[in-house]
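> Sequence:
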Amino acid sequence: MTVPFAGSYDGASFFDLLRCDFPQFLPFQHLPQLPAGSLDLLESVPFATTVLALRYTEGVIMAGDRQATEGFEVSSRRIEKVYSADEHSVIAVAGAAGPCLEMVRLFQIEMEHYQKIEGDILALEGKANKLAQMVKQNLPAAFQGLVVVPIFAGYDFLTQRGRIFKYDVTGGRYEEQLFFATGSGGKEARSTLRKLFTPDMSRETALQLALEALVDAADIDVATSGPDLIRGIYPVVKIVSQHGTTTVSDDELHPLSEQLLRKLKG
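In our numbering, the protein residues as written are 1 to 266.
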């Protein structure tokens, strides 16, 4: 007779289940250990760069450029850094591409698992705290340079507004009231957002500002890319509101990008 597994954890968190009873399956446990002072491996690891989020009248817009770099080379021009976490929240990641993608997948599973076990969605504050746990779990790898720095945003039905959360490499979680940007071009993107952001922006105005912030970051930071009209490559942009999460299509981004680049050129 087979005895069902009885672990030490019996809650609704998939991440805590792995952490308590199956730590060997956590993706962060399998990252390579670098010899002290070695940069050879880091130079061959793709790094995702600039991502940002800003509030508008109905929720939050989150955007990220499409470029990933390996040292001084472009490793990908079409990487995605912005994802839906669940129906009413989104996550963007900057840092070592592999650990970033593993964290996103685990976080998405965490949201699905909780909903199936509890029969309800986790509150936005709880989602932000869960992501902080995962960032903290990655700290040993971050000390070696394999950093994961996410931005999390969602629509909070308790406060009836969009909210934005940023993190540091130790798992510290902080709320930003208006906007935030991180990654190699984050400083330049924040400068643009700080200069042009206004409260109660419409969807179209906020979308134009998100694109302009990424273009300004790409103008200064070599690891960040702006819209590529020739190749037809545009930033990944997601919008979250009380109606759910949607992805802005390339058909909508193309004329906005063309108009923006024409304005900057002139």
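No lab work stands behind these hints: they were computed from the structure.
Careful, some of the hints might be misleading.
[As the list claims (entries may be wrong)] For each label pair, taking beta carbons as the anchor points, the in silico distance ranges come out as: (1) 157 <-> 116: 14 to 22 Å; (2) 229 <-> 115: 36 to 44 Å; (3) 125 <-> 243: 37 to 45 Å; (4) 70 <-> 139: 31 to 39 Å; (5) 265 <-> 139: 41 to 49 Å; (6) 125 <-> 105: 18 to 26 Å; (7) 265 <-> 119: 33 to 41 Å; (8) 255 <-> 169: 19 to 27 Å; (9) 246 <-> 125: 35 to 43 Å; (10) 176 <-> 121: 21 to 29 Å; (11) 200 <-> 143: 40 to 48 Å; (12) 200 <-> 112: 16 to 24 Å.
[What the hints assert, rightly or not] Computed cross-link-like contacts, DSS-like style, restricted to lysine-lysine with a CA-CA straight-line distance of at most 30 Å: (13) 116 <-> 195; (14) 187 <-> 166; (15) 166 <-> 136; (16) 263 <-> 195; (17) 187 <-> 265; (18) 166 <-> 116; (19) 195 <-> 265; (20) 116 <-> 136; (21) 116 <-> 187; (22) 195 <-> 166.
Cβ coordinates follow ideal geometry from the N, Cα and C atoms, glycine included.
> For each hint, tell me whether it holds in the structure or not.
Comparing the hints with the structure gives:
The hinted range of 14 to 22 Å is satisfied by residue 157 and residue 116, whose Cβ atoms lie roughly 20 Å apart. For the pair residue 229 and residue 115, the beta carbons lie near 40 Å from each other, so the given range of 36 to 44 Å is met. The hinted window of 37 to 45 Å between residue 125 and residue 243 is violated, with their beta carbons roughly 21 Å apart. Residue 70 and residue 139 have their C-beta atoms about 23 Å apart, which leaves the hinted 31 to 39 Å range violated.
The hinted window of 41 to 49 Å between residue 265 and residue 139 holds, with their beta carbons roughly 44 Å apart. Residue 125 and residue 105 have their C-beta atoms about 22 Å apart, which keeps the hinted 18 to 26 Å range intact. Take residue 265 and residue 119: their Cβ atoms lie about 54 Å apart, and the range 33 to 41 Å is violated. Remark: the range hint 19 to 27 Å for residue 255 to residue 169 is contradicted by a beta-carbon distance near 38 Å.
About 23 Å separates the C-beta atoms of residue 246 and residue 125, a value inconsistent with the hinted range of 35 to 43 Å. For residue 176 and residue 121, the hinted distance range of 21 to 29 Å is satisfied, since their beta carbons lie about 22 Å from each other. At roughly 42 Å, the beta carbons of residue 200 and residue 143 sit within the given window of 40 to 48 Å. Checking the proposed 16 to 24 Å range against residue 200 and residue 112 shows it is violated: the Cβ atoms sit about 34 Å from each other.
For the proposed pair residue 116 and residue 195, the alpha carbon gap of about 43 Å is over 30 Å, so the pair is violated. The suggested pairing of residue 187 with residue 166 holds, with an alpha-carbon distance near 14 Å, which does not exceed 30 Å. Of the supplied pair hints, the one linking residue 166 and residue 136 holds, its CA atoms being roughly 13 Å apart against a limit of 30 Å. A threshold of 30 Å between alpha carbons decides the hint, and for residue 263 with residue 195 the separation of about 17 Å falls inside it, so the pair holds.
Our distance criterion of 30 Å between C-alpha atoms is met by residue 187 and residue 265, whose separation comes to about 22 Å. Distance check on the hinted pair: residue 166 and residue 116 sit about 27 Å apart at the alpha-carbon level, within 30 Å; holds. The straight-line distance between the Cα atoms of residue 195 and residue 265 is roughly 20 Å, inside the 30 Å bound, and the hint therefore holds. Between the alpha carbons of residue 116 and residue 136 the distance comes to roughly 25 Å, so the proposed pair stays at or under 30 Å and holds.
Between the alpha carbons of residue 116 and residue 187 the distance comes to roughly 39 Å, so the proposed pair goes past 30 Å and is violated. Straight-line distance between C-alpha atoms of residue 195 and residue 166 comes to about 20 Å, which keeps the hinted pair within the 30 Å bound.
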